[in-house]
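Undergrad: Order-wise, the sequence lines are chains Z and E. The first sequence begins at 2 in the numbering used here and counts up one residue at a time. The second sequence begins at 2 in the numbering used here and counts up one residue at a time.
Careful, some of the hints might be misleading.
As the list makes no split between identical chains, a pair holds if one copy fits it or if it spans any two.
To be verified - Heads up, simulated SDA-like pairs for lysine to any residue below, C-alpha to C-alpha not over 25 Å straight-line:
no.: 1; residue 1: K51; residue 2: S81
no.: 2; residue 1: K51; residue 2: D15
no.: 3; residue 1: K56; residue 2: A158
no.: 4; residue 1: K56; residue 2: W38
no.: 5; residue 1: K56; residue 2: S133
To be clear, the hints were calculated from the coordinates, so they are not data collected in a lab.
The residues making up each chain are set out below.
2 protein chains.
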Amino acid sequence: MTARPVPETVIEADPEVPTIRITREFDAPRARVFRAWIEPELVGQWLGPKDLTTKFDTWDLRTGGNYRYRQLRDGQEVASFYGSFHEVRPETRIVQTFTYEGVPDGVTLGTATFEDLGDDRTRVTILSVADSFAARDGILASGMERGVVEGYERLDAVLGAYAA
Amino acid sequence: MTARPVPETVIEADPEVPTIRITREFDAPRARVFRAWIEPELVGQWLGPKDLTTKFDTWDLRTGGNYRYRQLRDGQEVASFYGSFHEVRPETRIVQTFTYEGVPDGVTLGTATFEDLGDDRTRVTILSVADSFAARDGILASGMERGVVEGYERLDAVLGAYAA
């Protein structure tokens with residue numbers, strides 16, 4: 002296999018609606034990408050900026066389940082997050098809520114869609130909505146972009162690493 | 002106690018953001034209103050339009066819990082709903098997701114706030130957000146208003162009924 006360039010992560014703020022849309026393609030079949038999205042031992046390898054490690058208190062990824070995790074730098078907790086999994090459709094769709102505990106009144110609803118592009122490639126689109134433009138813009142200003150982009154680069158490696 | 006007029010239920014669609022805001026005052030202390038909102042045997046007495054009865058498959062109202070219920074007319078199921086409780090703050094705030102199973106891809110995120118107005122009165126405000134104006138407007142066109150207004154009128158009776 003020849004090396005391909007790192008796919009671009011596109012992060013878009015809608016001017017009309019307080020949403021953030023993240024789009025990213027992965028060079029792996031959909032079943033493999035979905036598995037890396039749901040199994041905590043895999044998620045823990047890629048989530049978030051590359052200088053942080055992730056510890057799960059709960060990760061019950063099923064319709065009606067919930068999660069809570071903390072991110073650490075050099076063993077010190079720097080952030081924690083929690084939410085619920087509203088719906089999980091195998092290999093297709095995950096709908097979840099999300100709160101960064103540093104902003105306890107903030108909450109977003111995100112829908113991740115997994116698209117089979119053929120040729121063992123997969124597109125993941127996450128549409129997150131906040132209930133105001135101020136809240137949405139606060140998230141964009143928080144530095145989430147680096148965490149997302151670096152996380153997906155780590156995920157590229159995870160997807161290669163556990164291939165048969 | 003003299004009879005007061007039935008309080009108005011205000012349902013507002015924001016022109017700038019795809020939200021629905023429902024505001025209603027209740028002639029009962031906040032602890033009592035909150036209890037009627039969380040205990041399934043009470044919720045089942047008031048939820049939804051007055052010609053329907055509610056059956057809970059699940060009602061686990063706690064942070065990270067979930068719910069599913071069906072509404073029946075003359076014993077026949079006419080609608081079902083499910084979601085997750087993202088956050089529950091006693092007597093103050095409930096954040097939950099909501100899907101009407103007749104529109105399986107539709108989902109909203111709602112934040113209910115319970116305000117103590119003094120004089121044994123309580124204001125409940127629910128701010129629900131959809132991820133598009135089309136989805137939000139579809140909910141408004143679905144006849145939800147009658148269900149909400151009639152439900153709260155039944156809740157008035159429940160609040161009186163279980164007072165000490």
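Undergrad: Indicate, hint by hint, whether the structure satisfies it.
TA: Hint-by-hint comparison with the structure:
When the C-alpha separation of K51 and S81 is checked against a cutoff of 25 Å, the pair qualifies only within one copy, where the shortest distance is 16 Å, while the shortest distance between copies is 43 Å. Within a single copy, K51 and D15 get their C-alpha atoms no closer than 27 Å, and across copies no closer than 39 Å, so neither meets the 25 Å cut-off. In this homomeric assembly, K56 and A158 come within 25 Å of each other (Cα to Cα) only inside a single copy, at 19 Å, whereas the closest approach across copies is 48 Å. In the homo-oligomer, the alpha carbons of K56 and W38 lie at most 25 Å apart inside one protomer (15 Å), although the nearest pairing across protomers, at 34 Å, exceeds that limit.
When the C-alpha separation of K56 and S133 is checked against a cutoff of 25 Å, the pair qualifies neither within a copy, at 30 Å, nor between copies, at 34 Å.
Of the numbered hints stated above, those contradicted by the structure are hints 2, 5, listed in ascending order.
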